[in-house]
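Protein chains: 2
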Amino acid sequence: MIVLGIDVGGTSIKGAAIRDNGEVLDRFSVDMDRDATPEVTFGGLAELANKFIKEHKYDEPISGIGLGIPGLINKKTGEVASSPNMPKWINFNIKNYIEERTHLPVRIVNDASAAALGEARFGVGKQYNYLVMITLGTGVGGGIVFDKQLIDGNEGKGAQLGHGLVEVNGRLCGCGRKGCLEAYASATALIKETKKSLEEHPESLLHEAVKEVGKVDARAAFIAARKGDKEGQRLVDEYVFYLGEGLLNFCNLLRPEIIVLSGGVANEGEYLISRLESYLSTRGYGMKNSPKVVIRQAVLGYDSGKIGAACLFFE
Amino acid sequence: MIVLGIDVGGTSIKGAAIRDNGEVLDRFSVDMDRDATPEVTFGGLAELANKFIKEHKYDEPISGIGLGIPGLINKKTGEVASSPNMPKWINFNIKNYIEERTHLPVRIVNDASAAALGEARFGVGKQYNYLVMITLGTGVGGGIVFDKQLIDGNEGKGAQLGHGLVEVNGRLCGCGRKGCLEAYASATALIKETKKSLEEHPESLLHEAVKEVGKVDARAAFIAARKGDKEGQRLVDEYVFYLGEGLLNFCNLLRPEIIVLSGGVANEGEYLISRLESYLSTRGYGMKNSPKVVIRQAVLGYDSGKIGAACLFFE
Chain H
1 MIVLGIDVGG TSIKGAAIRD NGEVLDRFSV DMDRDATPEV TFGGLAELAN KFIKEHKYDE
61 PISGIGLGIP GLINKKTGEV ASSPNMPKWI NFNIKNYIEE RTHLPVRIVN DASAAALGEA
121 RFGVGKQYNY LVMITLGTGV GGGIVFDKQL IDGNEGKGAQ LGHGLVEVNG RLCGCGRKGC
181 LEAYASATAL IKETKKSLEE HPESLLHEAV KEVGKVDARA AFIAARKGDK EGQRLVDEYV
241 FYLGEGLLNF CNLLRPEIIV LSGGVANEGE YLISRLESYL STRGYGMKNS PKVVIRQAVL
301 GYDSGKIGAA CLFFE
Chain W
316 MIVLGIDVGG TSIKGAAIRD NGEVLDRFSV DMDRDATPEV TFGGLAELAN KFIKEHKYDE
376 PISGIGLGIP GLINKKTGEV ASSPNMPKWI NFNIKNYIEE RTHLPVRIVN DASAAALGEA
436 RFGVGKQYNY LVMITLGTGV GGGIVFDKQL IDGNEGKGAQ LGHGLVEVNG RLCGCGRKGC
496 LEAYASATAL IKETKKSLEE HPESLLHEAV KEVGKVDARA AFIAARKGDK EGQRLVDEYV
556 FYLGEGLLNF CNLLRPEIIV LSGGVANEGE YLISRLESYL STRGYGMKNS PKVVIRQAVL
616 GYDSGKIGAA CLFFE
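Residue numbers (our numbering), protein chains in the order written: chain H, 1 to 315; chain W, 316 to 630.
Careful, some of the hints might be misleading.
[Unchecked claim] No farther apart than 16 Å at their CA atoms in a straight line, the calculated lysine to aspartate or glutamate pairs in the EDC-like style are these: (1) Lys607/W - Glu630/W; (2) Lys507/W - Asp532/W; (3) Lys391/W - Glu257/H; (4) Lys88/H - Glu39/H; (5) Lys76/H - Asp462/W; (6) Lys545/W - Glu572/W; (7) Lys366/W - Asp341/W; (8) Lys76/H - Asp350/W; (9) Lys607/W - Asp147/H; (10) Lys510/W - Asp532/W; (11) Lys391/W - Asp374/W; (12) Lys292/H - Glu470/W; (13) Lys463/W - Asp341/W; (14) Lys391/W - Asp147/H.
Honestly, the hints are just simulated from the structure, not real lab data.
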């Protein structure tokens, strides 16, 4: 079976023809206008899909189109209720709109869940049955894949892994709730804390790190910490503490075999992972008398969402 | 199909022959000695099962034995790793031990997960596809049942719903972690807070409530609150606040259609449920743009665990 897997993002729409063994055959990409109406965006996407299908012939026809959508979707009806970065997407039925224009079956899923499904089926989670993936980017998202199937709750609206508590009445989260993991473990949160440190500590190597990167981003704290800078290390320790507590929550509530980290901050790789593993191993309940939970970085990069979206058609 | 469903508890072992339509045919019960070796306990249980089967003939034979076990189990191997109240249960294979003695297939599951499965298949959750059950007793346990199947993670060790955070570095939990929901929403936690109030507030109606109940238990705060007592209301408000935040976590991470409350504190019924529903409805993310999550009290009582354990054999 070959399916078009499409990852609809805030700046571009990226798709590919994907074979049911996970092979990415041919890719396509188009810019995304966040302020466009959904009719314009998904009408254009349908045209693009039709053109791609016409121009690419394989040993079997394309069987369907899977879409990873950034926003609150209903995977049963194929509707997007709203999307934080696409103001005009309000209660729009993506599935019907594209099916009418391509005459192919369409399935939709939350974009973070799609990426988790891709990693679970064909990425770093291939040999594991119980996977939780967490994306450490502008926000914190994630997906749960048990026995190679998504666990995403009613209408596919679950697995909002950034919006569980770490601290009641804590930092205000973008979602309106106080104390969510996202308010502590997103790149945005780390940047905010880094800015505070920069102001308060003119002596810190953070300033040098920011010059190296060219802007204040989530890498600065890690660069300074690697060089032994006190403030950098404090920022990283605090980040590991909160993220570690968030991961312990996933261990207790879900008991995965593997936790996959993706998104910008996950690029800190082993430096971050070894600290998280060491944090988890010293905290009782999450690990005691339980099989070890391994932590790994995602391996499929930008393809994970496309592959995962295509997987909606693969058994 | 008819299966023996058995709920192994801290004070007694309760079982029944259960038909695959959920019907409870005949029950049996025997006292539990917490300090006995697992050989004694499960040897006795196997004998009891054999005796029951000999004495009860139905239109079809008993197909298997399902067991709900209080403790850290491995449902794949059938082993219990440890159990908080049964000190001699260390790495004992329950499944093999009972299969050898009854010549029937045996499956085991965590007891709280069993109860959730029972309610989901044949209790208050019958018409829902996405159920989370939380047990508010001495501790806080629970189960997750999506599409009528248990979501209990690697080896069946997941769904420790009492051991997610509400407050990082908060109250010390029995599990060794700080800030778990159990340390705020268990009957034990409420009793502890009630005792503090009793000492500090000689004028409070809590004292009268305690006399009425005959001891300091979790009901006292609710009795006083219903009578308009300030301290009683403060205790209930605080309890609802933390439990409400815990339920919001389940909403965001799992997105159930229904949350089922069981255990002693759940007997406060509509008084508690209406306050929780009102708390959730005023907090953004968990409900906004999402289908409403209903909260209900469990209906199967002590049968839920037996029925759920038997369900391990029903498709």
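Status of the hints after comparison with the structure:
1. At most 16 Å may separate the alpha-carbon atoms for a hinted pair to count; Lys607/W and Glu630/W exceed this at roughly 28 Å.
2. Taking the CA atoms of Lys507/W and Asp532/W, the gap is near 9 Å; set against the 16 Å cutoff, the hint holds.
3. Pair hint Lys391/W plus Glu257/H holds up; C-alpha atoms about 14 Å apart against a cutoff of 16 Å.
4. Distance hint between Lys88/H and Glu39/H is fulfilled; the C-alpha atoms sit about 10 Å from each other, no more than 16 Å.
5. For the proposed pair Lys76/H and Asp462/W, the alpha carbon gap of about 14 Å is at most 16 Å, so the pair holds.
6. Simply put, Lys545/W and Glu572/W have alpha-carbon atoms about 34 Å apart, too far for the 16 Å limit, and the pair is violated.
7. At roughly 13 Å between alpha-carbon atoms, Lys366/W and Asp341/W fall within 16 Å of each other, so this suggested pair holds.
8. Between Lys76/H and Asp350/W, the direct Cα distance comes to roughly 51 Å. Violation of the 16 Å bound is thereby established for this hinted pair.
9. Taking the CA atoms of Lys607/W and Asp147/H, the gap is near 28 Å; set against the 16 Å cutoff, the hint is violated.
10. For the hint linking Lys510/W to Asp532/W, the alpha-carbon distance of about 9 Å falls within 16 Å, and the restraint holds.
11. For the hint pairing Lys391/W with Asp374/W, the CA-to-CA distance comes to about 31 Å; that exceeds 16 Å, so the pair is violated.
12. With a CA separation close to 12 Å, the supplied pair Lys292/H and Glu470/W stays within the 16 Å bound.
13. Taken as a hint, the Lys463/W and Asp341/W pair is broken in the structure, with Cα atoms around 25 Å apart against an allowance of 16 Å.
14. The straight-line distance between the Cα atoms of Lys391/W and Asp147/H is roughly 14 Å, inside the 16 Å bound, and the hint therefore holds.
This entry does not satisfy hints 1, 6, 8, 9, 11, 13, going by the numbered hints stated previously.
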